[in-house]
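Dock chains D and F with the ligands against the given chain B, drawing on the hints supplied.
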Amino acid sequence: MSTQEQQFELDDYFPTTAWLTRYQHALDDSQELEDTGEGWGVGWNGDFVFEMLNLPIEERTVNDLPEEVWEALEQGITQLPEDTLETVLEDAPEDVADGIEARDGPLPERAAQELLETKISEAPEKVWPGLRRVMPDIMDDLLTELEENVTDDGTVYAWIGLEDGGCYDTTTMDTLDERDHGFVLTGDFDQWVDLVNGDLDVVEAIMSGKLELDGDMQKILQYSDAALTMTDVASDLDKRFLF
Amino acid sequence: MDASTDQIKAGRIDTDNTYYELYQKSVELGTWDAEKLMHKVGFEEDREVWNSLDDNEKEQWARLISYFIDGEHAVAQDARRIMKTVSSPWFDRSIEKEMFASALALEEAKHTQFFDLYLTNVMVDKFPQYELDTRRGGIQIPRTEACGAGEMFERQGTLQAQAADGGDPTDIARAATNYHIGVEGILARGGYFAKNRMMQEAPLKLLNKGFQFISTDEGRHITFGLEVLNELIEKERDGVPAYQGVENAIWEQAVEDIGYITDTAYFITESVGDPLDVDFDELVNRGARLAGDMMFDTLDLDAGSATEFMQAAADAMEDAQGSDYEAVIEKYDHIYSAKMAGD
Amino acid sequence: MTELKDIEGAEFTASDDEIDDAIEEAADDLGMPPEKVEEEVAYILDSGTGRANNEGVAGAAASDNEDTNNDPRLEALEMYKLRQEL
Ligand SMILES: [Fe+2]
Ligand SMILES: [Fe+2]
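Residue numbers (UniProt numbering), protein chains in the order written: chain B, 1 to 243; chain D, 1 to 343; chain F, 1 to 86.
It should be emphasised that the hints constitute simulated quantities derived from the structure, not laboratory data. Treat the hints loosely; a few may be bogus.
Straight-line C-alpha distance at most 25 angstroms; calculated SDA-like pairs for lysine to any residue [unchecked claim]:
{"#": "1", "chain 1": "B", "residue 1": "K119", "chain 2": "B", "residue 2": "P108"}
{"#": "2", "chain 1": "B", "residue 1": "K210", "chain 2": "D", "residue 2": "G259"}
{"#": "3", "chain 1": "B", "residue 1": "K119", "chain 2": "B", "residue 2": "E109"}
{"#": "4", "chain 1": "D", "residue 1": "K205", "chain 2": "D", "residue 2": "D279"}
{"#": "5", "chain 1": "D", "residue 1": "K205", "chain 2": "F", "residue 2": "D29"}
{"#": "6", "chain 1": "B", "residue 1": "K119", "chain 2": "B", "residue 2": "D152"}
{"#": "7", "chain 1": "F", "residue 1": "K5", "chain 2": "D", "residue 2": "T18"}
{"#": "8", "chain 1": "F", "residue 1": "K36", "chain 2": "D", "residue 2": "Y20"}
{"#": "9", "chain 1": "D", "residue 1": "K40", "chain 2": "F", "residue 2": "G48"}
{"#": "10", "chain 1": "D", "residue 1": "K126", "chain 2": "D", "residue 2": "I139"}
{"#": "11", "chain 1": "B", "residue 1": "K210", "chain 2": "F", "residue 2": "E8"}
{"#": "12", "chain 1": "B", "residue 1": "K210", "chain 2": "B", "residue 2": "T84"}
{"#": "13", "chain 1": "F", "residue 1": "K36", "chain 2": "F", "residue 2": "G48"}
{"#": "14", "chain 1": "B", "residue 1": "K219", "chain 2": "D", "residue 2": "K126"}
{"#": "15", "chain 1": "F", "residue 1": "K5", "chain 2": "F", "residue 2": "K36"}
{"#": "16", "chain 1": "B", "residue 1": "K210", "chain 2": "D", "residue 2": "L301"}
{"#": "17", "chain 1": "D", "residue 1": "K58", "chain 2": "D", "residue 2": "E48"}
{"#": "18", "chain 1": "B", "residue 1": "K210", "chain 2": "B", "residue 2": "R60"}
{"#": "19", "chain 1": "D", "residue 1": "K205", "chain 2": "D", "residue 2": "K9"}
{"#": "20", "chain 1": "D", "residue 1": "K36", "chain 2": "D", "residue 2": "A76"}
{"#": "21", "chain 1": "F", "residue 1": "K36", "chain 2": "D", "residue 2": "D315"}
{"#": "22", "chain 1": "F", "residue 1": "K36", "chain 2": "D", "residue 2": "E28"}
{"#": "23", "chain 1": "B", "residue 1": "K210", "chain 2": "F", "residue 2": "P33"}
{"#": "24", "chain 1": "B", "residue 1": "K219", "chain 2": "D", "residue 2": "R12"}
{"#": "25", "chain 1": "F", "residue 1": "K36", "chain 2": "D", "residue 2": "I13"}
{"#": "26", "chain 1": "D", "residue 1": "K9", "chain 2": "D", "residue 2": "T31"}
{"#": "27", "chain 1": "B", "residue 1": "K219", "chain 2": "D", "residue 2": "R197"}
{"#": "28", "chain 1": "B", "residue 1": "K126", "chain 2": "B", "residue 2": "T84"}
{"#": "29", "chain 1": "D", "residue 1": "K205", "chain 2": "F", "residue 2": "E85"}
{"#": "30", "chain 1": "B", "residue 1": "K210", "chain 2": "B", "residue 2": "L53"}
Quantities reported herein were computed from a predicted structural model and do not represent experimental measurements.
Chain B on its own, in the form it takes in the complex:
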């Protein structure tokens, strides 16, 4: 089945705050985590931050996002009646307008190409409110995610509240210390992709330096089964990677 016909919700996409909420529920529902994580964080801070570094927001453009996302954007633009499009474009930021102007071909195609070739890091600011209103919802939501939850240097801080074998809250943060935590697991986004796909053993990743752990090693070692459960739960969840 082609991906174009499939519908995806925001919480299908990794890494988004919405996906994190799904992860929270899956963790909380996991019987295995209830067993392996029993006593975790009881009387001490067991909350985790997953620090995902170097999301390729500078290297990638909008048309590097999953196919169904940018195709919906392209269709949204090219299917607008030309006069509506012209009205929308009147409010475009200057550099976007110039970019569209400098291209060859019919206006809808030029406009679509200009937006598709925008760097991810620049997308939130280059997409003006008027355009957002005519954009597919998923694109609008994703832009909001990028704007609010990915730092300028391409970092995502996912905070996971863990206690006694359950997960009581999750969120994303602007900075590492926005919320109290007991542990930080840090690594490049690529490693996180491997990890949540189940292709990387978390303990092996720590031992080989692919991920770095900051926190009480004694606790982590005592609960290494719970750490594995957490990655198992992540890899069992459906997800589509934004990058």
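Positioned in the frame of chain B, the structure of chains D and F with the ligands alone reads:
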């Protein structure tokens, strides 16, 4: 000039061999003179810093240095067995390996000498008894006996003897894992990590210089050990019957050794209150990284799981938390005194 | 053997130029070719592995050596100079 970069043509020695490179680097870098180092740097500054430390800080240093002097002593003692093992028919009987093993033997002897001189001239107040040679019916220093390192060095002697005295490739793999990965690659390198931290609070200059020379020599020993293990693993992967079981042996030994090492890490940090801020967590983290680099990166082992390895460390840590090291030290103090008195 | 400036696995604070200058100067003092000095310094750090795994030198200097500014390559060079006197 003795330092040309031009390679001189050799006859029977294979100068392209990694073992030859290691040997040659040992000649160039590893022939430092411990006595000259002492004269050059002098004891004065170190004595001054040492005397300014409170008893607990001295105790932390003493715990670290105990396992270094006994450890160097033990590896020096076993070096002759390594020379024998690498000349066994399980390898290609290349002279280059033996050349390097002889350099290793000299270096380990020198490391023992360095710590002996240093202890005697700077730290002696914390070591009223340490002169006994295990060869002459002595035991290890009570502090060493009290922690995992002591047990590990004894195990090393057994494993090295088994490997050298007609051992098969799995015996050799076990011995090399224990010596080069466990003792040199994690226990000693973890010790350098600890000393770096402790030096921030208590800069013992001469000791630091000694450690720098020693750790440089150890780097070659570790490269050598991993190279030897790689040879054995390759034969196993090629399907040579006598080498089957090598990877498994390496893995089992590494899991056993991480227990001794973790206990030692706890002994030199948490159990003494960590007055010089080594940080047990970071030490364990560092040890895990070093182990991971060697076992997963360099050797590409797939015999066991990282979780199993770390679980062994976790178990050792739990035991360590319940240990009464002081009582054990005291017990061995008595034994040591008795041995000194000639009983 | 790995070139000094290609070694990985440690935080290097000095620039390549600073390294080159320090090597040149040391080579001059020791009466050795700079390439040889550079080779020895690299070997001190990585023991032929390509990674700065010499914890005793690459980790951190005891605070007695401010000149090397905690760049392990300069620390290794200092050590090599001392070694040549022993
Ligand atoms: Fe040694
Ligand atoms: Fe050694």
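| query | If you check each hint against the structure, which ones fail? | reply | 9, 12, 14, 19, 21, 23 and 24
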